[in-house]
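Taken in order, these protein sequences are the chains called A and B.
Using this note's numbering, the letters of the first sequence map in sequence onto residues 1 to 229.
Using this note's numbering, the letters of the second sequence map in sequence onto residues 1 to 277.
The hints are simulated quantities; they were obtained by calculation from the structure and are not laboratory data.
All values reported here derive from a predicted model rather than from experimental measurement.
The beta carbon of each residue, even a glycine, is placed where N, CA and C say it ideally should be.
Be aware that a few hints might be false.
In silico lysine-lysine, DSSO-like type, Cα no more than 30 Å apart, as pairs [to be verified]: (1) B/171 / A/114; (2) A/129 / B/108; (3) B/273 / A/114; (4) B/124 / A/86; (5) A/86 / B/55; (6) A/55 / B/171.
Listed next, the stretches of chain B that the computed footprint assigns to chain A, with coverage defined by at least 3 CB atoms under 8 Å from CB atoms of chain A [claimed, not checked]: (7) 171-182; (8) 258-267.
On the chain A side, residues computed to face chain B include the following (Cβ under 10 Å) [said to hold, decoys possible]: (9) 11; (10) 25; (11) 27; (12) 89.
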Amino acid sequence: MLEIKDLNVAYGHARVLHDVSLKVETGQMAFFIGRNGAGKTTLLKTIIGLLKPQKGSITYQGDEISNLSPEELYQRGLRYVAQEKKVFGNLTVRENIEIAAFAAQEPLGQALDKVISLYPKLESFLKTKAGQLSGGQRQILLVGRALVGDPKFLLIDEPTQGLAAIVIGEIEKILSGLKDRVSAVIVEQNLAMVNRLADRVYILKEGKVAREIIDKSEIADTRGLEEYL
Amino acid sequence: MIYTIVYGFTIGAILYFISIGLSLTFGTMRVINFAHTLTYTIGVYALITLIALLKGYFALVAGLAILLVIPISYVIERFVIRRLYGESLDYTFIATFAISLIGVDAIKWIWGVNPYPMNDPIGKYLVFSGLSVPIYRIVIVLIAILLFFGLNLFFKKTIVGKIVVASLEDKEGVRCLGINVDKYFSIVFVLGSALAALGGVLYAPISSIHPYMGLSILLLSFAVVIVGGMGNLNGTFFSAFALGMVMAVTARYWSQGAETMVFIVMAIVLIFKPIDI
């Protein structure tokens, strides 16, 4: 479904990704793990079209997409959930969902139902400014916003970073419910979650893929993965 | 003192009309738009041309003059500004300043350099307690207040307004929702230019009309935007009236220092609240 070959990405003269190659099959959840500065966010931003590669290819459903814009990739079903829980903080929760519904040309009521079904407590915050939500609520709103319309492939950057254990549980439940319905690439450092959800794991180190793990028993070996964090 | 207050409110209202477009274009597009002077001035010259042709009907002629500015501002946005999105501020500064200079020369070529006189289109006074205040100035202030509430409604109640507010905060986030922000930036740019033209046509009858009239008011408007917060729509409104009042009060005691005082206030604001650009 998504295949990246020999991808090189740079900020000015500083090259961040070096010959990255990877593959995600339909319905799979692939996790990227690695230390800060390993290039995980850069890789997601390049897939979604916010950054352009110096060389290499990104194919999605057989089509080259590395030169497409985020707007065009949205039409193909790709959705990006950025890190730092960047909701539209000056708009209410309802308005955040309204913009997503407008973009997806989905009726607002249907979009609201979809997001609230992920996390029913959000219903009581619909008139609250999204910037006033807790970190976990904002993250759930972002994932919900990305699910409005007809998403086929999610790119999620650090969904549980800085969140309390109970909220991490909620987010894991949501992601688990998406399994087999959509494909996803998720940047995540929570190895217990990676262990439970991942179909494949890519370990990024200094802008390169240091390891590709597709064997379930190897993914379950969190101690083996810890050395890369 | 009542005259000073009325003058302060009037200049505050005019500054608001011009500043709101600058604030929006910087907040959404990160473009410092010197071409704003052009749309402001063209609005005024369209007004004086049309008023001579239509012999009166100020409100109708003012509306037509503002409508004339819309296609001009769209062409500026589509063919110059849009190419500068994401570029360094220096490029946007140079390009829009060039447009402004070209525009001033075009105005000089078409209408000449001599100032045009224009009369207060209402010409009546509100008399109370022995004071007479021009009704036209009160109308300008009322239009500014109505515009403030109208823009608030626009940005809070319409989907276009909400997308612009979201883009002010997180342009990439909006793009990743599949929304072509450039289209909305065009709307913002044209809206801002039309409001600058509105400021021009309303100010023309009580100021001097000449090809360079946009430049001095533009610098004051930048001060308004900086004090009010770039992209902050409510801040721009209050900052415009506050600085209008600063100008009026200063002018009462030290007429040469009226504009200087605005920039002193701006400098003080920058010391305590530097802009992150």
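Against the structure, the hints:
1. The straight-line distance between the Cα atoms of residue 171 of chain B and residue 114 of chain A is roughly 24 Å, inside the 30 Å bound, and the hint therefore holds.
2. Of the supplied pair hints, the one linking residue 129 of chain A and residue 108 of chain B is violated, its CA atoms being roughly 50 Å apart against a limit of 30 Å.
3. Between the alpha carbons of residue 273 of chain B and residue 114 of chain A the distance comes to roughly 42 Å, so the proposed pair goes past 30 Å and is violated.
4. Annotation: proposed proximity of residue 124 of chain B to residue 86 of chain A is violated, straight-line Cα distance about 54 Å (limit 30 Å).
5. For the hint linking residue 86 of chain A to residue 55 of chain B, the alpha-carbon distance of about 55 Å lies beyond 30 Å, and the restraint is violated.
6. Proposed proximity of residue 55 of chain A and residue 171 of chain B is supported: the alpha carbons are some 26 Å apart, at most 30 Å.
7. Only residues whose C-beta sits within less than 8 Å of a C-beta in chain A count toward coverage, and the stretch 171-182 of chain B has 9 of them, enough to reach three; the restraint holds.
8. Check result for the stretch 258-267 of chain B against chain A: violated, 0 residues qualifying (beta carbon to beta carbon below 8 Å, three or more required).
9. A least Cβ separation of about 14 Å between residue 11 of chain A and chain B goes past the 10 Å threshold, and the interface hint is therefore violated.
10. With 10 Å as the threshold, the beta carbon of residue 25 of chain A stays out of range of chain B, its nearest partner Cβ sitting at about 23 Å, so the hint is violated.
11. About 22 Å separates the beta-carbon of residue 27 of chain A from the nearest beta-carbon of chain B, more than 10 Å, and the hint is not met.
12. Hint status for residue 89 of chain A: holds, given a least beta-carbon distance of 6 Å to chain B, under 10 Å.
Hint compliance for this structure: hints 2, 3, 4, 5, 8, 9, 10 and 11 are not met, and every other hint is.
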